[in-house]
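Residues in the sequence shown are numbered consecutively from 933, following this note's numbering.
The set of hints was computed from the structure by calculation and includes no laboratory data.
No experiment lies behind these values; they were computed from the predicted model shown.
The beta-carbon is built from N, C-alpha and C at its ideal position, and this holds for glycine as well.
Among the hints, a few may not be true.
DEER-style ranges, computed between Cβ atoms [what the hints assert, rightly or not]: (1) VAL1047 <-> LEU1118: 42 to 48 Å; (2) ALA1161 <-> HIS999: 28 to 34 Å; (3) SER1001 <-> GLY1137: 33 to 39 Å; (4) LEU1163 <-> THR986: 28 to 34 Å; (5) GLY1165 <-> PRO1028: 38 to 44 Å; (6) LEU1118 <-> GLY949: 24 to 30 Å; (7) THR1086 <-> GLN1149: 34 to 40 Å; (8) ASN1088 <-> ALA1184: 22 to 28 Å; (9) ASN1088 <-> ASP1177: 34 to 40 Å; (10) ASP1096 <-> ALA1184: 52 to 58 Å; (11) SER1001 <-> PHE1194: 22 to 28 Å.
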Amino acid sequence: MKNNHGQLSLRWQYNAGSGALVWQLMFTETGDLIGQKRFAADRKTCFFCIDTVTGKVFLNDYLLMEHVSSDAAGEGWFTGLETTNKHLGYCYACQPQSPEHKGIWAIDFRTGRVVWSRPDIGFVANLNDKFLVSHSSVFGGFPERQFLLVDPLTGNDISLSGLDGAQVNAIREDVVQEEVRQKVILPEVVTEGMAEERRALQRVGISETVRCECIVQGMLTVVALHEQAELSGTWHSFLNVWHKDRLVYVDAMEKGVDTPSFNNFLIQSDNLYYIKGREELLCVALS
């Protein structure tokens, strides 16, 4: 959407709360954005759900709970999003004293309803109509891992027995990356070998020596510029969007920070999403 001056307009913005860090974003097939926000001071992580068209917040400050108790999963901190399927989002918790993921929760984030959950499996890959998962056990004092297929809508086993190594390897070769499956375009740090991106930056007058990330999408060039102040040594990050060689949107993402934050913007379904000041998520319509 453009305003009367031909500039891109802000569609909506979401404030995650004081002290929050917008951490993880995923998209459902039904048009919802599911996100995770982290509160480092309280060691708490929560989830939220937003309508991508209107910006309506369906769910906010959702805390993932253990499967069969009233305790917060992953000590309220070690949790995250694995994937999405249809209208559902899938969460994990980490095993105690380990980064390894344990358990799967299938959640309708518009309502916060847990559709199904299983503590006995860990997510491996999304194959659209089924999930590849692993099941860990101990046999004769030695740890074993078995791979299974489950239905993403019910959590029920599809395969009657475990998959062998050849089957698992064949499945993994066909797995589509999560950002591709969700139609997400991520930025890349511009380096010498990126000819298209460097030409796009030269066209809009950005020096090759500037530290930046870039997405080139048709006639649009989206750039996050990271600049370091000479006296203080702190970093300032600015988002700029050009249509051909005309600047159509600009905003400050961060100012006066010790280190620049990378990978804080993306494009999905003709919308540009970016994080401002760590606590805010903004959506700009690109068409």
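Tell me, which hint numbers fail for this structure? Violated hints (numbers, rising): 1, 2, 3, 4, 8, 9 and 11; every other hint is consistent with the structure.
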